[in-house]
Amino acid sequence: MTATEEAPLLTVSGLNVAIEGAAGTVQPVRDVSFTLAQGDSLAIVGESGSGKSMTSLAVLGLLPEQATVRAEDLRFDGAELTGLADPDWQQLRGEQLAMIFQDPLSALNPALTVGYQIAEMFRRHRGWGRSRARQAAVELMAQVGIPDPAARLRDYPHQFSGGMRQRVMIAMALALEPRLLIADEPTTALDVTVQAQILRLLRQRQRDGLALVVISHDLGVVARSARRVVVMYAGTLVESGLVAEVYPAPAHPYTAGLLAASPRARGTAGSVRPIDGQPPDISALPAGCAFHPRCPIARERCTVERPKLRVVAPGRESACHFAEEVLTGEPTKRGTGAAHG
Amino acid sequence: MNQRSEEPVLRTADLVAGYQVRRGLLGRRAEVAAVAGVNLTVREGETVCLVGESGCGKSTLARSVVGLLRPRSGTVLVAGKDTAKLDRAGRLELRKNVQMVFQDPFASLNPRMTAGELIAEGWRVHPGLVAESDRQAEVARLLAQVGLNPKHAGRYPHQFSGGQRQRISIARALAVRPRLIICDEAVSALDVSIQAQILALLAQLQEELGIAYLFITHDLGVVRQIADRVAVMHLGQIVETGTAEEIYQQPRHPYTQALLSAAPSVDDWTDDYTEGIVLQGDTPSPADPPSGCRFRTRCWLAEPRCATETPELAERGGPHLVACHFARPTVPT
Chain R
1 MTATEEAPLL TVSGLNVAIE GAAGTVQPVR DVSFTLAQGD SLAIVGESGS
51 GKSMTSLAVL GLLPEQATVR AEDLRFDGAE LTGLADPDWQ QLRGEQLAMI
101 FQDPLSALNP ALTVGYQIAE MFRRHRGWGR SRARQAAVEL MAQVGIPDPA
151 ARLRDYPHQF SGGMRQRVMI AMALALEPRL LIADEPTTAL DVTVQAQILR
201 LLRQRQRDGL ALVVISHDLG VVARSARRVV VMYAGTLVES GLVAEVYPAP
251 AHPYTAGLLA ASPRARGTAG SVRPIDGQPP DISALPAGCA FHPRCPIARE
301 RCTVERPKLR VVAPGRESAC HFAEEVLTGE PTKRGTGAAH G
Chain V
1 MNQRSEEPVL RTADLVAGYQ VRRGLLGRRA EVAAVAGVNL TVREGETVCL
51 VGESGCGKST LARSVVGLLR PRSGTVLVAG KDTAKLDRAG RLELRKNVQM
101 VFQDPFASLN PRMTAGELIA EGWRVHPGLV AESDRQAEVA RLLAQVGLNP
151 KHAGRYPHQF SGGQRQRISI ARALAVRPRL IICDEAVSAL DVSIQAQILA
201 LLAQLQEELG IAYLFITHDL GVVRQIADRV AVMHLGQIVE TGTAEEIYQQ
251 PRHPYTQALL SAAPSVDDWT DDYTEGIVLQ GDTPSPADPP SGCRFRTRCW
301 LAEPRCATET PELAERGGPH LVACHFARPT VPT
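Sequence lines, in order, name chains R and V. Counting in full-length UniProt numbering, the first sequence tops out at residue 341, every number present. Counting in full-length UniProt numbering, the second sequence tops out at residue 333, every number present.
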């Protein structure tokens with residue numbers, strides 16, 4: 001924890017999500033903590049089932065009733081989020097924090113024009129009249145790079161391409177000038193040339209003071225869109241730090257594995273190395289460190305003792321018993337005495 | 001290295017293929033030439049990557065190669081034989097020679113069949129391949145070959161993870177001993193750690209069996225890992241083609257340059273990362289492509305000539321083929 005900064009905009013401390021199911025309780029998110037300062041950017045990275053989306057939904061109060069959210073502290077701009085009543089949530093979500101998802105088509109109403117849906121934000125939250133709201137919608141569409149916005153106002157969502165729909169979603173999310181935007185896989189469904197446009201747009205907004213949480217499985221997208229990164233595996237944080245420090249010298253074997261498995265379209269090609277095995281089933285996690293069955297440096301201790309997230313260097317945290325070894329890149333004795341295959 | 005036969009496994013010549021759409025209230029039919037004159041060759045034992053964004057026609061091309069779609073004009077030759085002129089036996093042979101692996105193994109594997117049944121299914125159509133009495137052993141061998149536990153032949157698709165399901169799809173394709181496997185976004189839906197496993201498996205199988213791959217993808221990072229040769233497709237046409245080395249080191253078409261520049265890389269956190277080329281606007285609709293060069297509406301080099309004169313795919317003084325009036329012999333690096 002850095003003591004030099006002012007109170008963070010978003011504080012997530014000891015977040016747990018439990019879901020009751022027929023086969024018992026599963027815990028897709030376990031003891032997750034992070035903070036985000038005003039105007040800063042953070043990426044939550046992980047593969048499917050890592051709990052990264054669940055974490056953001058819990059923060060936004062958007063999980064269904066079957067999910068139990070517990071947290072030591074869940075705070076936005078100093079105000080406690082846990083136990084917030086529905087009307088307060090709605091107020092907060094529209095005006096202070098906003099979210100965009102991977103699939104913009106499912107988040108837009110197909111029966112209403114895009115212009116109506118954007119203008120509705122202003123009418124509902126600001127109480128503006130029809131023509132003023134429409135004018136604001138046109139300006140907003142122009143700002144997010146939708147060509148010919150006055151004409152496109154009357155179009156329905158299906159008449160927009162995927163990239164343009166995502167711009168509409170961003171326009172709606174930014175309409176009320178929120179202080180925090182949570183973007184869950186915002187470019188995953190888009191072509192690369194369109195993805196580059198959307199990432200540029202998010203970056204520009206971030207420079208203008210918007211705090212940004214990007215959730216992604218793509219380490220390349222993260223490199224382009226966030227200053228800090230937290231890495232999730234099987235529901236827990238395994239590493240956190242500045243992107244510019246974590247990427248060149250990861251402090252957790254999983255992060256190192258992800259980086260080595262990511263193909264590079266540019267720069268030095270290098271050879272891609274897969275991570276052995278499969279991500280675990282969260283209802284039947286391995287004992288000890290959840291990553292140990294796939295870990296190239298796992299040892300006896302890893303199979304019995306669960307590593308805690310701890311500070312391993314200034315501004316760096318890792319949940320690995322041998323984080324220092326990973327960080328310094330000292331040669332490791334591969335799998336000595338560990339029961340893995 | 002495998003010995004190369006004279007005939008390439010796959011050759012398309014001026015292939016035009018597409019589909020019909022209804023337009024407007026009257027439902028007037030319009031032809032969309034999703035593939036508009038493509039020449040593509042895949043030789044034995046090599047991996048050719050077809051790269052392009054959505055709507056470029058790469059999947060339509062795949063469908064016309066396997067015979068799921070009849071070409072409007074031009075030819076598709078598989079192992080030297082024109083696929084439009086095959087008799088029944090010839091069509092069976094085509095299906096044996098060319099197999100497909102799709103993006104979503106959940107959708108392409110019948111959930112009611114076990115892994116073993118899925119793998120053995122092709123032998124119902126091609127009974128001569130494996131004797132009845134050897135089939136169980138052959139299923140076990142194929143499962144092991146793709147890195148799955150042979151004891152899991154009795155499990156159903158939902159009992160496997162996404163990566164394992166894709167391994168089943170590959171085993172199923174291998175079962176009929178094809179010469180070419182078309183992988184249509186075969187690793188796009190997989191997590192990055194698993195994606196790398198599947199790419200390694202495909203490379204290893206190629207080494208062992210000499211299979212050729214036509215690998216269709218939008219992911220330029222993946223292409224770089226596996227391609228011998230690359231064809232970049234844009235709105236139904238190949239705009240640049242060459243060896244992987246040529247395409248990645250010296251991209252000559254502005255669209256290829258834009259694609260490479262746009263692809264996110266894990267190195268993009270560095271201070272020397274610059275945005276590079278960010279194209280404006282959307283890809284035009286394949287139903288109504290621009291005149292002349294189809295990329296000109298988004299191209300920063302476009303001149304009036306590009307609207308009237310279609311650039312042919314040609315060497316243009318350089319090492320590989322490119323379809324741009326302004327392509328230079330080489331790009332200084």
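Accuracy of the hints is not assured; some may be wrong.
Pair by pair, the computed Cβ-Cβ distance ranges are [said to hold, decoys possible]: (1) 209(R) x 303(V): 52 to 62 Å; (2) 244(R) x 14(V): 18 to 28 Å; (3) 110(R) x 329(V): 47 to 57 Å; (4) 72(V) x 21(R): 45 to 55 Å; (5) 26(V) x 159(R): 50 to 60 Å; (6) 39(V) x 67(R): 53 to 63 Å; (7) 249(R) x 141(V): 58 to 68 Å; (8) 90(V) x 284(R): 27 to 37 Å; (9) 117(V) x 284(R): 54 to 64 Å; (10) 249(R) x 117(V): 20 to 30 Å; (11) 109(R) x 287(V): 18 to 28 Å.
Far from chain R, by Cβ distances over 12 Å, these chain V residues were calculated [said to hold, decoys possible]: (12) 80; (13) 82; (14) 95; (15) 163; (16) 261.
By construction, these hints were calculated from the structure, which means they are not laboratory data. These numbers were taken from a predicted model, which means no experiment stands behind them. The beta carbon of each residue, even a glycine, is placed where N, CA and C say it ideally should be.
Within 18 to 28 Å: is that where the Cβ-Cβ distance between residue 109(R) and residue 287(V) falls? 27 Å, holds
Range first: 47 to 57 Å. Now tell me if the beta carbons of residue 110(R) and residue 329(V) are that far apart. 51 Å, holds
Minimum Cβ-Cβ distance from residue 82(V) to chain R exceeds 12 Å: 34 Å, holds
**Message:** Over 12 Å from every CB of chain R: does residue 80(V) meet that, or does the non-interface label fail?
**Reply:** Since the minimum Cβ distance to chain R is about 34 Å, residue 80(V) lies beyond 12 Å and the statement holds.
Check your understanding: If you check the beta carbons of residue 249(R) and residue 141(V), does the distance land in 58 to 68 Å?
Key -> About 43 Å separates the Cβ atoms of residue 249(R) and residue 141(V), which means 58 to 68 Å is violated.
Do the beta carbons of residue 90(V) and residue 284(R) sit within 27 to 37 Å of each other? 51 Å, violated
Checklist entry - Does the no-contact call for residue 261(V) survive, Cβ to all of chain R over 12 Å? => result The claim breaks: residue 261(V) does not keep its Cβ more than 12 Å from every Cβ of chain R (closest is about 8 Å).
**Study point:** residue 117(V) and residue 249(R) - C-beta distance against the hinted 20 to 30 Å
**Key:** 48 Å, violated
| query | Would residue 95(V) pass as off the interface with chain R, using Cβ distances and a cut of 12 Å? | reply | 31 Å, holds
- Look at the Cβ atoms of residue 72(V) and residue 21(R) and judge whether their distance stays inside 45 to 55 Å. 52 Å Cβ-Cβ, so the 45 to 55 Å window holds.
A range of 54 to 64 Å was offered for this pair. Does it hold for the Cβ distance of residue 117(V) and residue 284(R)? Violated - the Cβ-Cβ distance for residue 117(V) and residue 284(R), about 27 Å, lies outside 54 to 64 Å.
Please check whether the beta-carbon of residue 163(V) is more than 12 Å away from every beta-carbon in chain R. 7 Å, violated
Of the numbered hints given earlier, the model fails hints 1, 2, 5, 7, 8, 9, 10, 15 and 16; all others are met.
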